[in-house]
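Chains as they are written, first to last, in the working numbering: chain A, 1 to 482; chain B, 1 to 482.
Just so you know, the hints here were simulated from the structure itself, not pulled from any lab data.
Keep in mind that the hints are not guaranteed to be accurate.
It does not matter which identical chain is used: a pair holds within one copy or between any two.
Think about it this way: if two alpha-carbon atoms lie no more than 30 Å apart in a straight line, the pair counts; the simulated DSS-like pairs of lysine-lysine are [claimed, not checked]:
| # | residue 1 | residue 2 |
| --- | --- | --- |
| 1 | Lys-290 | Lys-20 |
| 2 | Lys-168 | Lys-20 |
| 3 | Lys-290 | Lys-370 |
| 4 | Lys-168 | Lys-67 |
| 5 | Lys-370 | Lys-20 |
| 6 | Lys-67 | Lys-242 |
Chain residues, written in single-letter form:
Protein chains: 2
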Amino acid sequence: MFLALDGVGDLQAQVLRALKQGIQDGRLAVGSRLPSTRDLATRLGVSRNTVIAAYESLCAEQFAVAKSGSGTRVAASPPRQQAAPAPPPVQAQSRYAGRVRSLPPVTLEKREEGLRWNLQYGEPMVDVAIFTIWRRALIHAAQHTGAHGAPAQGLMELRQQIADHLGKYRGIRCTAADVIIVNGTQQAIALAARILVDEGETVVLEEPHYQLATQAFTAHGAVVRHVPVDDEGIVVEAMPGKGVKLAYVTPSHQFPSGRVMSLPRRAAMLERAATQGFWILEDDYDGEFKFDGRPPSALHSLDESGRVLYIGTFTKTLLPSIRLGYIIAPEPLRRDLVKAKMLADMRCSAVEQAAVARLISTGAYVRHLKRATLELKKRRRALLAGLQAHCGALVQIDDSGGGMHLICWMPQLSYVHLNALIALATSRGLGLHAVEHHFTKQPRCPGLLMGFAALSVPQINAATAMLGECLADVVGDASSPP
Amino acid sequence: MFLALDGVGDLQAQVLRALKQGIQDGRLAVGSRLPSTRDLATRLGVSRNTVIAAYESLCAEQFAVAKSGSGTRVAASPPRQQAAPAPPPVQAQSRYAGRVRSLPPVTLEKREEGLRWNLQYGEPMVDVAIFTIWRRALIHAAQHTGAHGAPAQGLMELRQQIADHLGKYRGIRCTAADVIIVNGTQQAIALAARILVDEGETVVLEEPHYQLATQAFTAHGAVVRHVPVDDEGIVVEAMPGKGVKLAYVTPSHQFPSGRVMSLPRRAAMLERAATQGFWILEDDYDGEFKFDGRPPSALHSLDESGRVLYIGTFTKTLLPSIRLGYIIAPEPLRRDLVKAKMLADMRCSAVEQAAVARLISTGAYVRHLKRATLELKKRRRALLAGLQAHCGALVQIDDSGGGMHLICWMPQLSYVHLNALIALATSRGLGLHAVEHHFTKQPRCPGLLMGFAALSVPQINAATAMLGECLADVVGDASSPP
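Sequences are here, hints too, so could you generate the full structure?
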């Protein structure tokens, strides 16, 4: 128990005020026993007589009850003060706060509780195996990690493991010195923005886009230009001809369209960056999950001008609860980034870093990726088959051959239909998410962004059957007016 | 193994180039066996004949050696490309980066390796008990934390535990809704700066000061005004009369002077904030460690105008490897802070949050604080006694009655002496840290910032004896010219 004296007036009054305060705000619970007068006097550094007198006043004012033999207790219903009125709102205190307040809600973060099947993107694939493996690695790390924090740039053993892994599996030449550990993709974006972009400078993003990237750059004060994506990825020729400071792209598997940036586009993008002098932030968030053939070369591995910052994350490849990712930065930017990381939050969790390093070094990480890729492939196939079987001609699939999601367009539906569909599905325990939230302008045709990572094949079968039923009901309602 | 084809020219040339590249940059190690032609062909999605032809060229160019029965291996000394020259430096790409580059090194982060006794501030107290307790809590959390991340504002159970703890032990009335979990003090400072301060606005800091706070606000673009600290804490009357946007203070135990802000000063500070309309960032980084009498009331608990953001950390009270702290924010700022946290890095580690929540709820945290306070008290007493016994009249102690450090002034020494002393001590295995790094202007009198948390009482006895020897040698050298 803690009582703070406020130093105003005599000591007895101070002790009394502090006790009343403690009772009124519930820190001294109704019916609970107050400390002995001797004990409280020692703790507050006042005489015992002062406390005795304060307790007497407290009882007199009906805040407490003294019983011989059982000390003084807080009264069962002490007098109440009126609740303080809610403070008035204050205007945004910085331009950053002003921009933050004008941002729309992040729809991907919104999750319905208690759904039977959730086809929203963002739900992770959690097989029992990875959960057990991660837990074991974490326990090992907890037992072997010292009391000290990791360096700001990251734990050396994790940086080495990441460099080795990227060299072997993603064709990226780098050493531990090139790797900066961060708390996931979001921090990578925020740090890159700080060291590369001033308020009012232009950042190019893809359209459709990843909400949290758009929001981070907008809040940062950048002028965000969304450039459309076609079958070959971002349309490089549609980028502004000058004044671009940074382009944020997801070439392995564009989010959310699923498109893979073609090699000619990659070359064009790199050439533009070199010529115009802008930076590329390459988010390879699920480059590890390609089903058909080899994953495309990362922009970073094709870059000869040192213009690409490559970012990766373990949140998507392992578990959402893991807050770790990394930046492979061109040498001239590295110190700026490490210092920005230090000033942002000093360093990442040492235990999580050690645990991920262990997963990679023991080979468990690669085995998990292989297993996860196979399983994701099965789930995607089940989703495609289910959509085909139950929704048939009403849906049109944007098939990208990888990752954890696809877009399901519904060209015959209006947005009124779509909203009715989502509401109906939710009421029947099926979570759906409209893809329009990832476009700056509502697409002509309504569609769903479907994540297939979180559901097993039987669950996907049931979920698509349910989707078919809901769809039939919504379309039926629409075609037969009341 | 990963080989990226670059898409230029015919497939065989592409495969050959990719193999050579892999050998030259070491991804295909000297002497290692290349994959079978069948295997590689499948992985690259090319015909087996293409791979066979590429392997033949590889051997012809002496990059590899084919042996019948053992496949093709990388040559023992493959031809070398010249190493790429280091890229030229680039100028700072944002005003933030420019400011970051102009910052001095953070001296507290610099640590000498292999010292026998380290009296530098920043070394933690690590007793075996807390290490075991923390590890156990972490293992429990790893076994009970789901795959999902925590909410951006923080795990509800941790926020509740913190609110309860602060109510009981620090006199702070708050509920879980008021608590925002962050990655420690540094992130609390960075987020507060983002939502409260624009470039060019004035932030008041104490002098002497905490380096990383000064650097964070400077990098952020604030105009930093250092205001002197006297025996009662920051001299409120010396603050600028207007134009202050935020004041960052450490009232419980000023860093590094150790001064406790007096109650009249607290009142004056709060009144000024209310009148002038600035915000107070109250860093209670070691408010839990007070030795003599009760800890002073937090500014937050005295604040009636909703101007105080209170920040605390578990890094100092538990272990440096733990990246968790919290902000208790006035209601009107809370949404801005949570959104800023989300855009900065989404959320904190769920496992660490669950582990700390468990430590608090089981009572282990409070027991640890009590034990640690007792032990720190002993260590401080040993340091004071050792300095008295071995350095006697040469030192003058700034005694603050709390925390983990004190300042030891050496009025008879020059800075030349002090530097010689630090160098000599380091050579004999004793780590010392000059306090001048925490002043904007070098103090007239040289001194040491001494952390006493990391050494046991016997170690402190030995360390102070060694300090006495070094001091005698340095002063002796100075008084007897060669």
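- Item | Numbered hints the structure breaks, given as an ascending list | 6
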